[in-house]
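Required output: the full structure, derived from the provided sequences and hints.
There are 2 protein chains.
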Amino acid sequence: MVQTSALTLTLEEFLKLPETEPASEYIDGHIIQKPMPQGEHSAIQTELAPAINSVVKSKQIARAFSELRCTFGGRSIVPDIAVFLWGRIPRQENGGVANVFALAPDWTIEILSPDQSQTKVTKNLFHCLEHGTQMGWLIDPQEQSVFAYLPEQPTMLCDEPHALLPVPEFARDFSLTVADLFSWLLE
Amino acid sequence: MVQTSALTLTLEEFLKLPETEPASEYIDGHIIQKPMPQGEHSAIQTELAPAINSVVKSKQIARAFSELRCTFGGRSIVPDIAVFLWGRIPRQENGGVANVFALAPDWTIEILSPDQSQTKVTKNLFHCLEHGTQMGWLIDPQEQSVFAYLPEQPTMLCDEPHALLPVPEFARDFSLTVADLFSWLLE
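For the protein sequence lines, the chains are A and B, in the order given.
The opening residue of the first sequence carries number 1 in the numbering used here; numbering runs sequentially from there.
The opening residue of the second sequence carries number 1 in the numbering used here; numbering runs sequentially from there.
Certain hints may be false.
Which copy? The list can't say, so a pair holds if one copy fits it or any two copies do.
[What the hints assert, rightly or not] In silico EDC-like cross-links for lysine to aspartate or glutamate, where the CA-CA straight-line distance does not exceed 16 Å: (1) Lys-120 - Glu-160; (2) Lys-16 - Glu-152; (3) Lys-57 - Glu-21; (4) Lys-120 - Asp-159; (5) Lys-120 - Glu-47; (6) Lys-57 - Asp-180; (7) Lys-59 - Glu-40.
Because the hints were derived from the structure by calculation, they are not lab data.
This is how it looks when you write it as structure tokens:
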């Protein structure tokens, strides 16, 4: 992440700014632009979101969104993948998905990019957990490892290839091993 | 950390190799050399170890060691600071400190270097916790943050300047805030 401004804006002022590419996040009064996505990040993001949806969206249990701005608890963040329980997805009057998501995801997934501050990303996971998120994944493609953060519980380290990754209860039918996850890098 | 060899050695073979500078660690059959220490890392390491010792060593409760090789559970690691309870410090027949520490520290402290894999460092903390270490600190100078890992408990994030850093019970008289810790970078 690159800190692009030392100027402190309010959250309201930040939200009025035009979107950037890659997206910018608003954290503790600072605007921090996400890194330009690269191959490993993109491959995992592109495969994982539909893999989750194939299990939870078809049953209207939940839905995974890539690069969705979520604004809550004084921050505006853009998780790589944010999964929301079906009933918590904000809707327009016509029933369509709303544009503004002013709530924490139920499951948040971050994929580490080279040179990205792992501490900054982890802090976003902590922020989500403090606001009701059931689980946060931090995927490190270089180390072929996943950290799973749960509220009030020890952090889980998943790096055994055949280990099943922990998932939130609502996604219990979604079954993926560490090897499955990183095999997307080899396709 | 730079992985310097793809050749798989046994732990016994690794321990017969000459020491390197910076030190090399043996993790899952791989030899990984620690990064060359830089200013922030050195400043914190040099101040923190004696600060801990000024509280725990004078009372013969425990003792902090910088850059001490600890070999246990199939790995040989060199924490930036390893703190051992007084009675667990290996001794020679004459009572002096032994050279070989074949046990996990009671408190392990890692200071992140630029370009070092935070996941690799965190995995070393997990390895320690699995072998009896009471607490592991991961200090990120760039983000002025500390993650405290405890067995069977949620990971703690400490980034509020006035927050007291959590310490193991045996070091309860050692009192340090986040701001105190990072103020060593400004001296």
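Hints versus structure:
In this assembly of identical chains, Lys-120 and Glu-160 lie within 16 Å of each other by CA distance solely across copies; the values are 14 Å between and 25 Å within a copy. Taking the shortest alpha-carbon separations for Lys-16 and Glu-152, neither the intra-copy value of 35 Å nor the inter-copy value of 43 Å comes in at or below 16 Å. For the identical chains of this complex, Lys-57 and Glu-21 are neighbours neither inside a copy (27 Å) nor across copies (53 Å), given an alpha-carbon limit of 16 Å. Taking identical chains as interchangeable, the C-alpha atoms of Lys-120 and Asp-159 lie at most 16 Å apart only when they sit on different chains, with a minimum of 11 Å there against 22 Å within one chain.
For the identical chains of this complex, Lys-120 and Glu-47 are neighbours neither inside a copy (24 Å) nor across copies (25 Å), given an alpha-carbon limit of 16 Å. With identical chains, the CA atoms of Lys-57 and Asp-180 are never at most 16 Å apart, being 20 Å at best within one copy and 49 Å at best between copies. For the homomeric pair Lys-59 and Glu-40, neither the shortest alpha-carbon distance inside one copy (29 Å) nor that between copies (52 Å) is at most 16 Å.
Hint violations for this structure: numbers 2, 3, 5, 6 and 7, all remaining hints satisfied.
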